[in-house]
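*Asks:* Below are the chains, spelled out letter by letter.
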Amino acid sequence: ILNVEQSPQSLHVQEGDSTNFTCSFPSSNFYALHWYRWETAKSPEALFVMTLNGDEKKKGRISATLNTKEGYSYLYIKGSQPEDSATYLCAFNTDKLIFGTGTRLQVFP
Amino acid sequence: SAVISQKPSRDICQRGTSLTIQCQVDSQVTMMFWYRQQPGQSLTLIATANQGSEATYESGFVIDKFPISRPNLTFSTLTVSNMSPEDSSIYLCSVVGQPYGYTFGSGTRLTVV
Chain A
1 ILNVEQSPQS LHVQEGDSTN FTCSFPSSNF YALHWYRWET AKSPEALFVM TLNGDEKKKG
61 RISATLNTKE GYSYLYIKGS QPEDSATYLC AFNTDKLIFG TGTRLQVFP
Chain B
1 SAVISQKPSR DICQRGTSLT IQCQVDSQVT MMFWYRQQPG QSLTLIATAN QGSEATYESG
61 FVIDKFPISR PNLTFSTLTV SNMSPEDSSI YLCSVVGQPY GYTFGSGTRL TVV
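Residue numbers (the working numbering), protein chains in the order written: chain A, 1 to 109; chain B, 1 to 113.
Because the hints were derived from the structure by calculation, they are not lab data.
Any given hint might turn out to be false.
[Unchecked claim] Straight-line alpha carbon distances no greater than 20 Å define the calculated EDC-like cross-link-like pairs of lysine to aspartate or glutamate that follow:
| id | chain 1 | residue 1 | chain 2 | residue 2 |
| --- | --- | --- | --- | --- |
| 1 | B | Lys7 | A | Glu39 |
| 2 | A | Lys59 | A | Glu5 |
| 3 | A | Lys42 | B | Glu54 |
| 4 | A | Lys96 | B | Glu58 |
Computed from a predicted model, the values in this text were never measured in an experiment.
Next up, chain A with everything else stripped away, as it sits in the complex (with noise of 0.2 Å):
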């Protein structure tokens, strides 16, 4: 069973304040690793898709790397802002989205 674990499970943050959190999947048979944004009662955002091993991508205050070789993807938020409060989701893709429980960060003015 792929187990895709995602680290912390919240986390508040005074608004200013930098945060990351950690995603780890199965370093075997990697295809591709995504992380979204759901805000309640939206849809799901697609922030990225990564593929390679060492991949850095960057959208604005938001960034994220990717080690293939150990199983883990980092998101990294700078000055976090009260609309960045959402949970955010890792997915490890398969033939198929495989989802941790999310991080659930709430940024305090």
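Once you've looked at the hints, dock chain B against the given chain A.
*Replies:* Then chain B, alone, in the frame of chain A:
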């Protein structure tokens, strides 16, 4: 990328009844995916729906409980049959997105009482 309209957004249903969830995509897509997220759990794939053929169900999910229709390339329905409180979940449909990742509907939050 594709835009998905999913209905209903939420519902409260009596146990033993059935609920049909609809997803309409604004463009033609080959495959549509149905997911479930039970409280505290991961998003889990229920089935993949191709137009003109039977849906392919993941381990632990059966057609009698979650019948799926895919009458054309822009529409699909998922029915949650004979509901019990354990079916209380968020249900999402999804298609392969452009330029990357998957595009999701906004979800159906189901509570079974």
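*Asks:* Does the alpha-carbon distance linking lysine 7 of chain B and glutamate 39 of chain A stay inside the 20 Å limit?
*Replies:* 18 Å, holds
*Asks:* Holds or violated: are the alpha carbons of lysine 42 of chain A and glutamate 54 of chain B at most 20 Å from each other?
*Replies:* Violated, at about 29 Å.
*Asks:* For the pair supplied as a hint, lysine 59 of chain A and glutamate 5 of chain A, is the alpha-carbon distance within the 20 Å limit?
*Replies:* 23 Å, violated
*Asks:* Hint check: lysine 96 of chain A vs glutamate 58 of chain B, CA-CA at most 20 Å. Holds or violated?
*Replies:* Holds: lysine 96 of chain A and glutamate 58 of chain B sit about 10 Å apart, inside 20 Å.
Hints 2, 3 from the list above are not met by this structure, while the remaining hints are.
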